[in-house]
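These protein sequence lines are chains A and B, in that order. For the first sequence, the residue numbers in this note's numbering are 1 to 233. For the second sequence, the residue numbers in this note's numbering are 1001 to 1478.
Incorrect hints may have been included.
Heads up, incomplete: computed chain A residues facing chain B, CB under 7 Å, no partners named [stated by the list, open to error]:
id: 1; residue: Asn38
id: 2; residue: Arg82
id: 3; residue: Tyr83
id: 4; residue: Arg187
id: 5; residue: Ser196
Derived list of chain B stretches under chain A, where covered just means 3 residues or more per stretch with a C-beta under 8 Å from a C-beta of chain A [stated by the list, open to error]:
id: 6; region: 1038 to 1052
id: 7; region: 1097 to 1104
id: 8; region: 1113 to 1123
id: 9; region: 1270 to 1278
id: 10; region: 1313 to 1319
id: 11; region: 1411 to 1423
Hints in this document: simulated from the structure, not taken from any laboratory. For every residue, glycine included, the Cβ atom is placed at its ideal position computed from N, Cα and C.
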Amino acid sequence: MTARDDILGGIRRALGRGPLPAEVRAELAERVDNHRRNLVPARAAGLDPPARIDLFVAMAEEVQTTVARVASAAEIPAEVARYLAAENLPAELVMAPHPALEAIPWQNRPLLQVRRGRAEPGDAVSLTPCLAAVAETGTLMLVSGAETPTTLNFLPDTHIAVVRAGQVVASYEDGWDLVRRLGAMPRTVNFVTGPSRTGDIEQRIQLGAHGPRRLHVVLVDEHEPVSHGSPVG
Amino acid sequence: MEPTSHAFIANARAELGNPTLQRALGLARTGFPARRRQAIDRLPEFEDLREEGRGIKDHTLAHLDYYLELYERNVSAAGGRVHWARDAAEARAIVLEICRAAGAKIVTKGKSMVAEEIALNDHLEANGITPVETDLGEYIIQLRHEPPSHIIAPAIHLMKEQVADTFRAAHRELPPARQLDDPRELCDEARTILRPQFLAADVGITGANFLVAETGSSIIVTNEGNGDLTQTLPPVHVVIASLEKVVPTLEDAATLLRLLARSATGQEFSSYTTVSTGPRRPGDLDGPAQYHVVLLDNGRTDLLGGEFQDMLRCLRCSACLNHCPVYAAVGGHAYGWVYPGPMGAVLTPALVGLHEAGHLPNASTFCGRCESVCPVKIPLPKMMRHWREREFARQLSPAVYRTGMRLWAALATRPELYHALTAITGRVLGWAGKARGRFRSLPLAAGWTSVRDMPAPEGRTFQALWAERQRAPGGRRR
């Protein structure tokens, strides 16, 4: 008997039954297919978009994410350059090869060196888009794909993420709806809430344990439709 | 690891006399409960979420065979592979085989209690593969050859000076005179040392907080980002998880995630919650080429359908440890195996046998805090009582204890005799202890009086006072 058969048989024996009857299996399949939401906290669910965005910013800042709000995508290069200078970082970064980021007028900032691709060990700063931003806990939702390599979220010391106002959703469940609209599950969905941290030594919180030491969000207050997962609600 | 739970009493006594451990535990006693309280006070729905969390887990356990098969189908559909392991030896062999097939020399690891349970590191090392723990706390205790003393803060028993000594002894390539006085410096040193290991690793092994049947995904929750580097950089990702981690849908996972971080560290959400489904996709620029899941039973299915089934709801959040007066006094190592505190007192006897771990369910005051803070409402005290009953029934407890219990039972089941005897004893002790108000020693009560005084009774028994109040004019009547 294989381990698989042994374990599944053991489960049925312990539960005092044989394989589930067809009608129960159908009910369970329906439960999965419907993937009904459980209780979703009211904290963010009832807010209109401006208040939801404010909640996202407040919750993100609470966990040491820094947030800069700009009026349009055209202002992103200047904000990125300002942030890097303020943090005393070199004016170079590795960027996700994603259409939404390619559309940004980087040529306005010729001194900012932008490489496209995955993160390599020497990269100090990364720039990524996101699928959504969850107001409930100030959380970014990033998915992997050919245009959005996961290493950008973890390897460099500084991670800059571009969030469009329309991408700010209330809950994780809103985020799941966006993931499902992508079709197949991506290899990785990252929920990122602030920079890397640890409290493993005497419970004193240190930022930058293994992942990024800094997480900076550039929040674009324009409401044009977004190519990469459209907003809900 | 080999359990030493049978030596709990001696272990606990030694830990109570360890001043460094007591200092470290002092930090934990206040920190975790206060942060949890704060987080929960901010979420009015928390109690309702606990109820939902319990419901999700109970539903899944009642249909565990269905959800595991669905999970396996969806892992396969996404290009991954599920390996079933009946016990620790099978799980170790599967992981070793995957590592060998990958030609692995270095294996990085994210934090995994199941890997501790099956003593995976020893097995890899014995077969010429170097496992590198990457969670800061796990890395520290790996260097010290110690087991974890806490589920989410494995090095909670150490002070920073001990960590500094450990790093100086292990990182010989660094200047010996370097400064290592502060957690910041220690954290930076670990980051610097471990970064090349992440990049050199051939296989990355993580645990799983949840497995999602609907999508065939595994979910890990971390703060450091070590789990993500572990599972993204090497060509092979191995997830090792016990089978009760499965939940039906992403929505169910979201509900349990809301409970987990708040109960564990008191965070609104941990820094990183990562959902992984299969290997890298065509066109992906990074991510592992292979994705394996080792599903471990190791005695868990035996708990289904019985009085310990509720234990399989456990999320491994550590809230019960953080709120336990016994854990806070003796720390995690005294429990003698992988799982400490109240959840360990229930789970360990089930996994390693009551004969080995019979002391653990006795190490409780039954104050009930563990159950009251459990995010999925596991009735831990009730289950410890079940173990005590079994211990008694199997005659595993000492003869003196068993005789004492029998006498007590004889007395407690005869109310008239009980009331008469307690009234007399109370009066006699009250008279004898009148002068000092307490006793330094008492016959048959050395277990109490050897470490503290016994207060002398001051009057009549509670039962007598209660009866009097009921009779008094204006008193409540049943």
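Each hint tested on the structure:
Annotation: interface hint on Asn38(A) holds; nearest CB of chain B at approximately 4 Å, less than 7 Å. Interface restraint check: Arg82(A) against chain B, minimum CB-CB distance 25 Å, threshold 7 Å, status violated. At its closest, the beta carbon of Tyr83(A) sits 20 Å from a beta carbon of chain B; the interface hint therefore is violated under the 7 Å criterion. At a threshold of 7 Å, the smallest CB-CB gap from Arg187(A) to chain B is about 5 Å, leaving the interface hint in force.
Because the smallest distance between the Cβ of Ser196(A) and any Cβ of chain B comes to about 4 Å, under 7 Å, the interface hint for this residue holds. Check on the region 1038 to 1052 of chain B: 6 of its residues sit with their Cβ under 8 Å from a Cβ of chain A, so the three-residue criterion for coverage holds. Given as covered by chain A, the region 1097 to 1104 of chain B fails the check, having 0 residues with a CB less than 8 Å from a CB of that chain where 3 are the minimum. Requiring three or more residues with a Cβ within less than 8 Å of a Cβ of chain A, the coverage given for the region 1113 to 1123 of chain B is violated, as only 0 such residues are present.
Chain A is given as covering the region 1270 to 1278 of chain B, and this holds because 9 residues of the stretch bring a CB closer than 8 Å to a CB of that chain, at least three being needed. Counting residues of the region 1313 to 1319 of chain B whose beta carbon lies closer than 8 Å to any beta carbon of chain A gives 0, which falls short of the minimum of three for the stated coverage. Under the rule that three or more residues need a Cβ within less than 8 Å of chain A, the assignment of the region 1411 to 1423 of chain B is violated, with 0 such residues.
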